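Protein chains: 4
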Amino acid sequence: MRQLCKGNVAVVKGAILAGCRAYYGYPITPASEIAEAAALYLPQVGGTFLQAESEVAAINMVYGAAAAGVRIMSASSGPGLSLMQEGISYLAGAELPGVIVDVVRGGPGLGNIAPEQSDYFAMVKGGGHGNYHNIVLAPASVQEMAELTGLAFELADKYRNPAIVLTDGFVGQMMEPLDLEYREATPPEKPWAVRGTAETRKNLVASIFLQPDELEGHQRNMEAKYYQAQQEEPRHELYETDGTEVLLVGYGIVSRVLRSTVEEARREGLRLGLFRPVTLWPFPSKALAEAAAGVEKVLVVELSNGQMVEDVRLALNGKVPVEFYGRTGGNVPSVEEINAELTSLASRQ
Amino acid sequence: MRQLCKGNVAVVKGAILAGCRAYYGYPITPASEIAEAAALYLPQVGGTFLQAESEVAAINMVYGAAAAGVRIMSASSGPGLSLMQEGISYLAGAELPGVIVDVVRGGPGLGNIAPEQSDYFAMVKGGGHGNYHNIVLAPASVQEMAELTGLAFELADKYRNPAIVLTDGFVGQMMEPLDLEYREATPPEKPWAVRGTAETRKNLVASIFLQPDELEGHQRNMEAKYYQAQQEEPRHELYETDGTEVLLVGYGIVSRVLRSTVEEARREGLRLGLFRPVTLWPFPSKALAEAAAGVEKVLVVELSNGQMVEDVRLALNGKVPVEFYGRTGGNVPSVEEINAELTSLASRQ
Amino acid sequence: MRQLCKGNVAVVKGAILAGCRAYYGYPITPASEIAEAAALYLPQVGGTFLQAESEVAAINMVYGAAAAGVRIMSASSGPGLSLMQEGISYLAGAELPGVIVDVVRGGPGLGNIAPEQSDYFAMVKGGGHGNYHNIVLAPASVQEMAELTGLAFELADKYRNPAIVLTDGFVGQMMEPLDLEYREATPPEKPWAVRGTAETRKNLVASIFLQPDELEGHQRNMEAKYYQAQQEEPRHELYETDGTEVLLVGYGIVSRVLRSTVEEARREGLRLGLFRPVTLWPFPSKALAEAAAGVEKVLVVELSNGQMVEDVRLALNGKVPVEFYGRTGGNVPSVEEINAELTSLASRQ
Amino acid sequence: MRQLCKGNVAVVKGAILAGCRAYYGYPITPASEIAEAAALYLPQVGGTFLQAESEVAAINMVYGAAAAGVRIMSASSGPGLSLMQEGISYLAGAELPGVIVDVVRGGPGLGNIAPEQSDYFAMVKGGGHGNYHNIVLAPASVQEMAELTGLAFELADKYRNPAIVLTDGFVGQMMEPLDLEYREATPPEKPWAVRGTAETRKNLVASIFLQPDELEGHQRNMEAKYYQAQQEEPRHELYETDGTEVLLVGYGIVSRVLRSTVEEARREGLRLGLFRPVTLWPFPSKALAEAAAGVEKVLVVELSNGQMVEDVRLALNGKVPVEFYGRTGGNVPSVEEINAELTSLASRQ
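Residue numbers (my numbering), protein chains in the order written: chain L, -13 to 335; chain E, -13 to 335; chain Z, -13 to 335; chain B, -13 to 335.
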């Protein structure tokens, strides 16, 4: 079924098709349409929508529902995600699947409600305490808002780990055609879940491991599944990477500007190419290293002060010069601006 | 005055000598002695100690007191720090100085109360939302618990930014001699503070910048001060780095094991050296690159699954191979274990 | 269907038969079985059970669900009810129906978990701020736990007002036969509810009335419905009131001891009688005045320091001497103890 | 010293003269000036002002500071007081002194910010769970706002019990001359307090009494002190009660209207008199019975739907007819209105 749909609403449609049946959250611009759509659609499929007292309450309800084996979602923007960091760490530590959407706005602090990509570090690197990683997916279109949300549920269940859909106010608020076909979601069996039934009475969902060796063993197990994810799950998109001299790297809304930049450049005979990470964790380091092999230079563009650029540098490990161009506060670079930056970089050599 | 003192208590002594006059927090093992000592000593100097309803409440009280120009502290461990991530982002966004101590315990989630270094990412890279950095200091002795806490107050005020003392249960709980001499602290003038007086009525402490250009300008200003900090503030310690073949890198409690490893190795004629970052942000990248120039290999040791190692790799940018060895859950590697790892690395080449 | 059932569980069975489809609460002894039973049974009828972050959160979820027109319940014991007082006042002010069960334990403060009747004032007289009354029902058996809970839903909807089931740990924990026959509950239409649909978009559920005349008018309307309730809803039970010399008055568990006292006394030719208020608000003042007409004396017995006795005195207005006997802390007077008190009273004249 | 002062500010001045050295609260209209004045003046005498996260947090900080033996205050209006009911019950149960000011606004629920007396029940009768009474004082002038707040601290300490200053937006917001003379406050020794010192280490402040006999014994002790308070503390004011035919009864702002009514009536030869309760708990029942002896009728006037009238009826116990006249929502009856009511009552006989 083809329909015109807003990005934030597509998230909910994708979630429900993926079998999501509960949403706990607290509204915040520019993520509030996700709560609205969840409140509208979830009861129609027998699901539960609940506006919690706070983001702290919401993420702990996510923990509870995830422990019961339900496909479960929350969404917020920067400040709300920060409040959820403890709960996300608990989800990871208890190996619970849950999908959380971050529609990034300007920060730090109160900032503004315009789009940024400044939560990359908080979602991909750090955030909560302890050794763990979030799975992080970065949609670049309304269609992907639905599809990657669906994928987030699958990966969350496959790895029993929180999965983040990291997007921004542009993608969240834009209207685009959305193609969805109905299919019966078949979430996996979750024999570990605590369902309040006799047969699940023996199950224990917890993140406490009092003895050092016990906790270290738990973390080794987590590391093993993170290693598996790094082998199997990195996803990226390439565009015009034949004979590329300068490889542009950007995700989400930025990748759309970069694609236009590449198109225009190729029309003029300039050998630009685009590498778009679709998964931010696991980061598609190997594919990026391959795509960057032989290029003169890499330019990373972000709506931030430079965050993903560290993962790009780690992936290339000094083999190719990596430059950075960032805009913040809700400003998005135009094609002209990227071109000017490329010219400036060329002249600096 | 020389005294035998516990690391967590030394934090409070250092803070009070630095002019800290308020503490808001919520107790958690293994950081609770900081709250206890603050409750004992702060009233003796006319200061305020308050146990808040939660870590969320505590960090917002820190925000309030910092806005009033008071030198102010909080402390917690992993889960508590996660709950403070929103507030820390607000401190950074409003350019407020405040010192927060993280006595890291095992994670993620509830984990255990044994020492780890697994909050490196959460404190140094990510954590709260938006573009900002915490200043992060990593003491390795009781003496440094006091001194680096004092330095944290100075840097927090100099840069009007939150400063984290990142330590762990080992350093927090150990007893060592502490030399402190009394000096009158002279916190800087803070003409921007809101003190409830007529002359400060015009002041506004906020992190809201509604217009994109306004927020971007604010972030550019923040970037400028972060750049200054990166030039002026990196601190590190070198040990036996002449003719080093293998450079060990570790911070905090780990650096003490590595120092013993180097001592023992040098006695046997093996050319090991030690680089200890004292500031984790700004990371002493330049000094590390210099120290690593010419070495065959770098081995990073952490009580984590590998977090600081990324900053080491970014600093060396492929020029020297960087290996990692980590223990978690409260386990700390012994000298023998490091030696075994070094032997294993040598044989793998 | 006849079954052996615990009082707290009977509450939930009665609620579900009455059409209750949502429960928000936070567990506390001796009310926790209500939460447990709600968690077990509500999902079986397509309803929602949610353990909230706190009693404050729970009562505000009750407010939200009541505003949406759902038959909704919460339960707690003393401390939890105190935390709900603001929310209950909001329910009353916004004229929202909701049923809250108070399984009273020993107080004030933390007290203990043994039964008392010491929340009478907090539920019947005061509690939240502003001019309003709770409808309060006092079951004395497992059967009534179910039936009066059902009645509470009916009265809550009829008067659009919170209704309290005021019981105690004895009645909550006791096992007795319970007769329930299934019937389809038919909650009334609620055209005022806000359901997120187009036709209810114009509805407003609020308790704010900024202008004095507006708020006074609102309160006059509330007074009118309270007057109606006082005419139509008082319920009581009489036992052996022919030719009574001493009328015993007690509610809930106490009434069962008093009934035994009366039975025993009548066997010995003593003319005792029993008046049991079933509704505590509206208090059956008129019926009590009639029952007490001509008696020599009234003895009120409570598991408290004397609370309902004030309503008895107000009802009798000096026409008959009213004495009081109370036990607290979880102690319940025996028949012998009541007899001793009666003897003592007789000798004092 | 004579000064023109607002009622809410006079509360703080009275408190500080009484030795109050800490204030924890959360602002709400029409009580916010109390927080403002506390924030201004307390630091000047070495005291602590703290705006807590919520009223729930504030009252628990009051509990903590009271346990440490500090004279401590909070203030709020209806909704905030409702949120404090659990904490107030804990103060009473643990026998802790603390002063809480309720500047009553229109209710129930959100209501409005105009003055009412509709929290009488919540403060005087019920409120929190369990068997306890608040000491309740009702100032009728700016001077009394200071003096009765001072008295509240004395009674709170004398009886180790929470004391409420029950006032309203009229008295809180009015400006009147205030005479205060400085005197050194001498709060009593509190050997039971927990001060974090060696000699108070054995002290325990708690409200938990697990065994029924233990809790009942505790409540008997509380009853004994309540009995003492009922003998020693009732306070009232009489005006023109010689040969009174109709006795007006009102407290707070209402008493000022009633006094004018009496003055005017006496000028015209009508024998009206005024009885003003100054303490609402303990209620001056004996004095009222004496003052009402021989009058034809009592008219109680309140800014409520009729709450104190119950205590008047209990005091008179049917000996004199008691009528009620109330206004709500922020409306205050005028002298003319009272006269009209008196005429109407006369004609009804």
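Since the hints were made in silico from the structure, they are not lab data.
Hints may be right or wrong, so weigh each one.
Identical copies go unnamed one by one, so any copy, or any two together, can satisfy a pair.
What the hints assert, rightly or not - Derived BS3-like pairs: lysine-lysine, alpha-carbon spacing no greater than 25 Å straight-line:
#1 K188 with K176
#2 K211 with K144
#3 K305 with K(-8)
#4 K(-8) with K272
#5 K188 with K283
#6 K272 with K211
#7 K176 with K305
#8 K144 with K272
#9 K144 with K283
#10 K272 with K283
#11 K144 with K176
#12 K211 with K176
Quick caveat, the model's predicted, so the values are computed rather than measured.
Checked hints:
1. K188 with K176: within (14 Å within a copy, 44 Å between copies)
2. K211 with K144: Classified as within; 10 Å inside a copy, 43 Å across copies.
3. K305 with K(-8): neither (41 Å within a copy, 47 Å between copies)
4. K(-8) with K272: neither (33 Å within a copy, 47 Å between copies)
5. K188 with K283: Intra 56 Å, inter 49 Å, cutoff 25 Å: neither.
6. K272 with K211: For K272 and K211, only the intra-copy Cα distance (18 Å) is at most 25 Å; the inter-copy one is 35 Å.
7. K176 with K305: neither (44 Å within a copy, 47 Å between copies)
8. K144 with K272: The answer is within: 22 Å in one copy meets 25 Å, while 41 Å across copies does not.
9. K144 with K283: neither (37 Å within a copy, 37 Å between copies)
10. K272 with K283: both (17 Å within a copy, 23 Å between copies)
11. K144 with K176: Classified as within: same-chain Cα gap 10 Å, cross-chain 45 Å, threshold 25 Å.
12. K211 with K176: within (17 Å within a copy, 50 Å between copies)
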